[in-house]
Amino acid sequence: MKKILKILVMIIFPIFIFVSCSNFRLSPSSPTPQALKLYYPQPMNNDVKIVSTEAKAYLKTDGEVKDMFENYFKIPVKSNLSTLISKNTKINKLYLNTNENKVYVDFSKEFLDDMNAGGSKELLILKSITNTLGSYYNCNKVYITIDGEPYSSGHVSLDKGESFSVDYDDIEELT
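This note's numbering numbers the first residue of the sequence shown as 1 and each following residue consecutively.
Hints in this document: simulated from the structure, not taken from any laboratory.
Small disclaimer: the values here were computed from a predicted structure and weren't measured.
Be aware that a few hints might be false.
Once the Cα atoms are required to be at most 30 Å apart in a straight line, the calculated DSBU-like pairs of lysine-lysine come out as [as the list claims (entries may be wrong)]:
hint, residue 1, residue 2
1, Lys90, Lys74
2, Lys37, Lys121
3, Lys160, Lys109
4, Lys49, Lys102
5, Lys56, Lys74
6, Lys56, Lys78
7, Lys74, Lys141
8, Lys56, Lys90
9, Lys141, Lys49
10, Lys93, Lys37
11, Lys74, Lys121
12, Lys78, Lys60
Pair ranges (Cβ atoms, derived) [said to hold, decoys possible]:
hint, residue 1, residue 2, range
13, Asp159, Pro31, 22 to 28 Å
14, Asp113, Thr32, 30 to 36 Å
15, Tyr95, Ser120, 25 to 31 Å
16, Asp114, Lys93, 15 to 21 Å
Glycine is no exception: its CB is placed at the ideal position from the N, C-alpha and C atoms.
Make the full structure from the sequences, and use the hints.
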């Protein structure tokens, strides 16, 4: 009798687990909370520095990570921080290449067209984007392109495949 009971339990229990788990589904629009560390230039009197701050993002299960970052790059979490991209700029692609441990981000041409920054501020914007994406994906290289072409402006020009490096030096944390 005990042997038959054990066999029945061994058969029924996995079926019960399978049926229970198959009935559990996340809705395509269920928000998934994620902690983010974001980096922004912060104007200070006659100077600009990079600061970090944390935010809790709610990414829908059917949402795109690139859309989440596009929003945070356009609208900083605090009003005294500089935007990283213009309202017209789009993130065309954003992904982690796990073989290279490198993030790839491709912006629309408006990133450069609308930037209106000198060389120093441009570097702070690029460092902020690099640090934010590097932090999120836990890697230290970010390859930035504009409409599929290597990043090139009047101040900064990269070769094909050349990346920006994550650099957390001289970053002040906001509370």
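Here's how the hints hold up against the structure:
1. Lys90 x Lys74: 10 Å, holds
2. Lys37 x Lys121: 20 Å, holds
3. Lys160 x Lys109: Roughly 17 Å between the alpha carbons, so the hint for lysine 160 and lysine 109 holds.
4. Lys49 x Lys102: Given pair lysine 49, lysine 102 holds - Cα atoms ~25 Å apart, limit 30 Å.
5. Lys56 x Lys74: Holds: lysine 56 and lysine 74 sit about 16 Å apart, inside 30 Å.
6. Lys56 x Lys78: Measuring from Cα to Cα gives roughly 13 Å; hence the hint holds.
7. Lys74 x Lys141: Satisfied, since the Cα-Cα distance of roughly 22 Å is no more than 30 Å.
8. Lys56 x Lys90: Status holds; Cα separation ~22 Å.
9. Lys141 x Lys49: Answer holds: lysine 141 to lysine 49 is near 21 Å, not above 30 Å.
10. Lys93 x Lys37: 20 Å, holds
11. Lys74 x Lys121: Measuring from Cα to Cα gives roughly 16 Å; hence the hint holds.
12. Lys78 x Lys60: With Cα atoms ~23 Å apart, lysine 78 and lysine 60 stay inside 30 Å; holds.
13. Asp159 x Pro31: 22 to 28 Å: 40 Å, violated
14. Asp113 x Thr32: 30 to 36 Å: 34 Å, holds
15. Tyr95 x Ser120: 25 to 31 Å: 30 Å, holds
16. Asp114 x Lys93: 15 to 21 Å: 19 Å, holds
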